[in-house]
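So the chains spell out like this:
Protein chains: 2
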Amino acid sequence: MQEIYFDILFENATILTMVDDAPVVTGDVGVKAGEITLVGPAPKGAAAGRRIDAKGCILMPGLINAHAHTAMCLLRGYADDYPLQTWLFEKVFPAEGRLDQRAILAGALLGFAEQLCTGTTSISDMYYFQPAVAQLALEAGIRANLCNGVVALSPDWSMEKDRGIQETLALARDFQGAGGGRIRAEAAIHAEYTSGPRVWAQVLELAQAHGLGIQLHLSETEKEHQEAKARHGGKTAARAFYEAGVFDQRITAAHCVWLEPEDMALLAEKGVSAVHCPVSNLKLGSGICDVPALQRAGVNVALGTDGCCSNNTHDLFEEIKLAALLAKGKNLDPSLLPAYAALKMATVNGARAQGRAHLGQIAPGMEADIILLDMDHPTTRPNLDPFGAVVYSATGRSVKLTMVQGRILYENGVFTTIDLEKAYAEAERYALPLVLGGKA
Amino acid sequence: MQEIYFDILFENATILTMVDDAPVVTGDVGVKAGEITLVGPAPKGAAAGRRIDAKGCILMPGLINAHAHTAMCLLRGYADDYPLQTWLFEKVFPAEGRLDQRAILAGALLGFAEQLCTGTTSISDMYYFQPAVAQLALEAGIRANLCNGVVALSPDWSMEKDRGIQETLALARDFQGAGGGRIRAEAAIHAEYTSGPRVWAQVLELAQAHGLGIQLHLSETEKEHQEAKARHGGKTAARAFYEAGVFDQRITAAHCVWLEPEDMALLAEKGVSAVHCPVSNLKLGSGICDVPALQRAGVNVALGTDGCCSNNTHDLFEEIKLAALLAKGKNLDPSLLPAYAALKMATVNGARAQGRAHLGQIAPGMEADIILLDMDHPTTRPNLDPFGAVVYSATGRSVKLTMVQGRILYENGVFTTIDLEKAYAEAERYALPLVLGGKA
Numbered sequence: 158m159q160e161i162y163f164d165i166l167f168e169n170a171t172i173l174t175m176v177d178d179a180p181v182v183t184g185d186v187g188v189k190a191g192e193i194t195l196v197g198p199a200p201k202g203a204a205a206g207r208r209i210d211a212k213g214c215i216l217m218p219g220l221i222n223a224h225a226h227t228a229m230c231l232l233r234g235y236a237d238d239y240p241l242q243t244w245l246f247e248k249v250f251p252a253e254g255r256l257d258q259r260a261i262l263a264g265a266l267l268g269f270a271e272q273l274c275t276g277t278t279s280i281s282d283m284y285y286f287q288p289a290v291a292q293l294a295l296e297a298g299i300r301a302n303l304c305n306g307v308v309a310l311s312p313d314w315s316m317e318k319d320r321g322i323q324e325t326l327a328l329a330r331d332f333q334g335a336g337g338g339r340i341r342a343e344a345a346i347h348a349e350y351t352s353g354p355r356v357w358a359q360v361l362e363l364a365q366a367h368g369l370g371i372q373l374h375l376s377e378t379e380k381e382h383q384e385a386k387a388r389h390g391g392k393t394a395a396r397a398f399y400e401a402g403v404f405d406q407r408i409t410a411a412h413c414v415w416l417e418p419e420d421m422a423l424l425a426e427k428g429v430s431a432v433h434c435p436v437s438n439l440k441l442g443s444g445i446c447d448v449p450a451l452q453r454a455g456v457n458v459a460l461g462t463d464g465c466c467s468n469n470t471h472d473l474f475e476e477i478k479l480a481a482l483l484a485k486g487k488n489l490d491p492s493l494l495p496a497y498a499a500l501k502m503a504t505v506n507g508a509r510a511q512g513r514a515h516l517g518q519i520a521p522g523m524e525a526d527i528i529l530l531d532m533d534h535p536t537t538r539p540n541l542d543p544f545g546a547v548v549y550s551a552t553g554r555s556v557k558l559t560m561v562q563g564r565i566l567y568e569n570g571v572f573t574t575i576d577l578e579k580a581y582a583e584a585e586r587y588a589l590p591l592v593l594g595g596k597a
Numbered sequence: 158m159q160e161i162y163f164d165i166l167f168e169n170a171t172i173l174t175m176v177d178d179a180p181v182v183t184g185d186v187g188v189k190a191g192e193i194t195l196v197g198p199a200p201k202g203a204a205a206g207r208r209i210d211a212k213g214c215i216l217m218p219g220l221i222n223a224h225a226h227t228a229m230c231l232l233r234g235y236a237d238d239y240p241l242q243t244w245l246f247e248k249v250f251p252a253e254g255r256l257d258q259r260a261i262l263a264g265a266l267l268g269f270a271e272q273l274c275t276g277t278t279s280i281s282d283m284y285y286f287q288p289a290v291a292q293l294a295l296e297a298g299i300r301a302n303l304c305n306g307v308v309a310l311s312p313d314w315s316m317e318k319d320r321g322i323q324e325t326l327a328l329a330r331d332f333q334g335a336g337g338g339r340i341r342a343e344a345a346i347h348a349e350y351t352s353g354p355r356v357w358a359q360v361l362e363l364a365q366a367h368g369l370g371i372q373l374h375l376s377e378t379e380k381e382h383q384e385a386k387a388r389h390g391g392k393t394a395a396r397a398f399y400e401a402g403v404f405d406q407r408i409t410a411a412h413c414v415w416l417e418p419e420d421m422a423l424l425a426e427k428g429v430s431a432v433h434c435p436v437s438n439l440k441l442g443s444g445i446c447d448v449p450a451l452q453r454a455g456v457n458v459a460l461g462t463d464g465c466c467s468n469n470t471h472d473l474f475e476e477i478k479l480a481a482l483l484a485k486g487k488n489l490d491p492s493l494l495p496a497y498a499a500l501k502m503a504t505v506n507g508a509r510a511q512g513r514a515h516l517g518q519i520a521p522g523m524e525a526d527i528i529l530l531d532m533d534h535p536t537t538r539p540n541l542d543p544f545g546a547v548v549y550s551a552t553g554r555s556v557k558l559t560m561v562q563g564r565i566l567y568e569n570g571v572f573t574t575i576d577l578e579k580a581y582a583e584a585e586r587y588a589l590p591l592v593l594g595g596k597a
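Listed in order, the protein sequences are those of chains Y and F. With positions in the first sequence counted from 1, the corresponding number in this note's numbering is that position plus 157. With positions in the second sequence counted from 1, the corresponding number in this note's numbering is that position plus 157.
Don't read these hints as lab results, they were simulated from the structure. Any given hint might turn out to be false.
Any copy will do: because identical chains look the same in the list, a pair fits if it lies in one copy or spans two.
Derived BS3-like pairs (lysine-lysine); straight-line CA-CA distance at most 30 Å [to be verified]: (1) Lys212 <-> Lys579; (2) Lys189 <-> Lys386; (3) Lys248 <-> Lys380; (4) Lys557 <-> Lys201; (5) Lys380 <-> Lys201; (6) Lys392 <-> Lys189; (7) Lys189 <-> Lys318; (8) Lys579 <-> Lys380; (9) Lys201 <-> Lys248; (10) Lys201 <-> Lys386; (11) Lys386 <-> Lys318; (12) Lys557 <-> Lys579; (13) Lys212 <-> Lys557; (14) Lys212 <-> Lys427; (15) Lys386 <-> Lys427; (16) Lys579 <-> Lys248.
Isolated chain Y, as found in the complex:
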């Protein structure tokens, strides 16, 4: 009889599997070679490299942040409470323009640390210097779909000169599937309002040639949404993308605050994933995405933090709770988006947005991206429902352990792949002076 072995065996946890048939079970979870190989009682005599007592803890899939600009944690607190145009054109864009690769890497590393310690294990990230960020993610152990959004406002734009395109090509060439599939290259159209159909066609061709999903921003603000219609003869941005064939690729569309019912139908038809970023949408005064309407239309809706300059954290638990709250509060119906459905947005739906079939659930054969929540705290104990506990009472600070692909990256305040003090020092001494307009 062959010995049953696990690299790591979590014992006696309350397991939120996110599998509809049995969404919550009590027992053990075994991990081997980066995969979940057991859910339920461990067989007698099973051996394990390490046993972790998870009694009183909730074990669940790592969260998936389906829309982020991770390195923007450098700009946290840099531009709070400004009108949107001032925020973007007088604060964010100039500051970002001053950031070099070293500064972006400093921000990305701290952003990875923040996301890991608050339970996020996989990120869809749109930002700059992404091949270097891919290498960083590879080393940090986090999972990421990385892209650099094409902005093509100049009439003499060309693929050859476009930084986003060139980074996409480098990502596809050097990092596609790296780290046993952890790193994925994606293409990106920053947004309808920062490019046009000629550019979309070229990005689409590139994405098709390399088999890449595409990330984009869609109908975030009312102004943007109305101006798109003016530009495209009454067609919305979603309709324009649809007709250009963009939606034929796997699409992750961030925000979707101002989508019209017809837009929702287009997204559903094409399997486009919408990413709800409730904190950012409120903080920038963009509005409230109608998640229940999107879901009724059949759209897959995931969750994102957006950048830390409009949030100002990467704690995805905030987005989960706020998504559930806003669905109810906006529609005056407390039964909308119940806890389990809200949690699915940050797990199962996020995995679907990322095109990752083996992520977002605790089940044999799934990637071992696992978080453990310590519920033994006055904010979470007592609690009469585990899903309610996670959605309405827990925060990222409840996370005591974060595992990606079977590897523990964070446990009880300690990172195993990131030197946090060094990361703070690099961000504060090198990068922040650039944000603030000084010289490196």
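For chain Y, the structure is supplied; the task is to place chain F on it using the hints.
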């Protein structure tokens, strides 16, 4: 030359004074005999019973939770995502009806613990068995304005038989000003829809006779708001209370989601404090209180968590952030309710709601209700603005020390007046079976 002495001296903090002239200063805060006696650099040679190095920390006034039902943390997760009528009449009221004094005390103690460790130092609380809860608060060291809301739906209602009235009298007699002013008795009309003008007149007379403020719920839901108008010949609940003279006392009016412009003017005229409970209002599908409109009308707006069954935490930092976010998101204007104004709601405005002139600011002569936030965490570091940091990035989990009236009640995970394990055991073994319908 007389020696300068402090019981406790906090050194090298970033101090959010919440005093408009100098809202943020760096330096020391000295505490003596329950009062703040120094803000700024400590004089050379000053002696201190204890020096606390607050370098890298934010020191600020303890938060004021201006509307809570503290013991309801027993019902956390008991009734998530239900339609409002089911939630209230089939879940909450029956469960509350099963709770005896011992169970309520178990819940109150855990609720105090949760609030203390997440930075709340003073509570306006409406619930049951309040004289016993007052004794508990006295021993736990927390500050509280306590009341039991009168519900008078029966035609043979009388003051003599009303539990709320009898508890109010006992509070006023035995606990008014206890603990050096920490405990205050207040009267309470549960809401317009649970009583009528005859009852209000008697509560008012009682409040006037004993010099009590009055807590009440006001226009929380649209249904309640419209039904009040139907009952009072077109007059809103606010107008009805106003005309009955209720608003001539110091009033703390929770929710105020559906107030009309005329109502806001009445509140402003009478100095009524509105308490915004954004999480609860969203979670129960009640709607979004228009805080900027209330403030423009001149109304003092404080913040509350409401009960844990509709929240599900007592972490007031969530309410601060959500208040700032909703003001912007509802009105599509990111400049509304900036960080400093949002933080005032939970400090200065809360103190005004509670009728406490010496609370809510860090300044000489103020009560020493102080919290210390550890910002050395990836969710809060780096951060380029201290108010933005507290409002948009910190949570209750950032709190490392909580002091009330000069006494440290919580520090680095440890409570000085509450045996947490014993409190959990009492709540889980004695009280939860009652919540769930079993026998004690």
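Checklist line | Same-copy or cross-copy closeness of Lys201 to Lys248 [CA-CA at most 30 Å] | finding: Answer is neither; intra-copy 60 Å and inter-copy 42 Å both fail.
Notebook entry, point to check: Are the CA atoms of Lys212 and Lys579 at most 30 Å apart within a copy, between copies, both, or neither?
Noted result: For Lys212 and Lys579, the Cα distance is within 30 Å only across copies (19 Å; inside one copy 34 Å).
Next item on the list: With 30 Å as the alpha-carbon cut-off, assign the pair Lys201 and Lys386 to within, between, both or neither.
Entry: neither (64 Å within a copy, 68 Å between copies)
Margin query: Cα distance capped at 30 Å. Does Lys189 pair with Lys386 within a copy, between copies, both, or neither?
Written below: Cα proximity of Lys189 and Lys386: none, with 52 Å in one copy and 65 Å across.
Check: 30 Å Cα cut-off: does Lys557 pair with Lys201 within a copy, between copies, both or neither?
Finding: Result: close within a single copy only, 27 Å intra versus 43 Å inter.
Margin query: Reference check for the pair Lys386 and Lys427, CA-CA at most 30 Å: within, between, both, or neither?
Written below: within (21 Å within a copy, 49 Å between copies)
Check: From the Cα coordinates, with 30 Å as the cut-off, is the pair Lys212 and Lys427 best called within, between, both, or neither?
Finding: For Lys212 and Lys427, the Cα distance exceeds 30 Å both inside one copy (43 Å) and across copies (54 Å).
Note to self: For Lys392 and Lys189, with the copy left unspecified, which applies at a CA distance of at most 30 Å: within, between, both, or neither?
What the structure shows: This pair counts as neither: shortest intra-copy Cα distance 51 Å, inter-copy 68 Å.
Checklist line | Intra/inter-copy verdict for Lys386 and Lys318 if alpha-carbon distance must be at most 30 Å | finding: within (29 Å within a copy, 66 Å between copies)
Notebook entry, point to check: How would you classify Lys380 and Lys201 at a CA-CA limit of 30 Å: within, between, both, or neither?
Noted result: Result: close neither inside a copy nor across copies, 62 Å intra and 58 Å inter.
Check: Given identical chains, is Lys579 near Lys380, meaning Cα to Cα at most 30 Å, within a copy, between copies, both, or neither?
Finding: Classified as neither; 42 Å inside a copy, 56 Å across copies.
Check: Using 30 Å as the alpha-carbon threshold, which applies to Lys579 and Lys248: within, between, both, or neither?
Finding: Classified as within: same-chain Cα gap 27 Å, cross-chain 51 Å, threshold 30 Å.
Checked against the numbered hints above, the structure breaks hints 2, 5, 6, 7, 8, 9, 10 and 14 and satisfies the rest.
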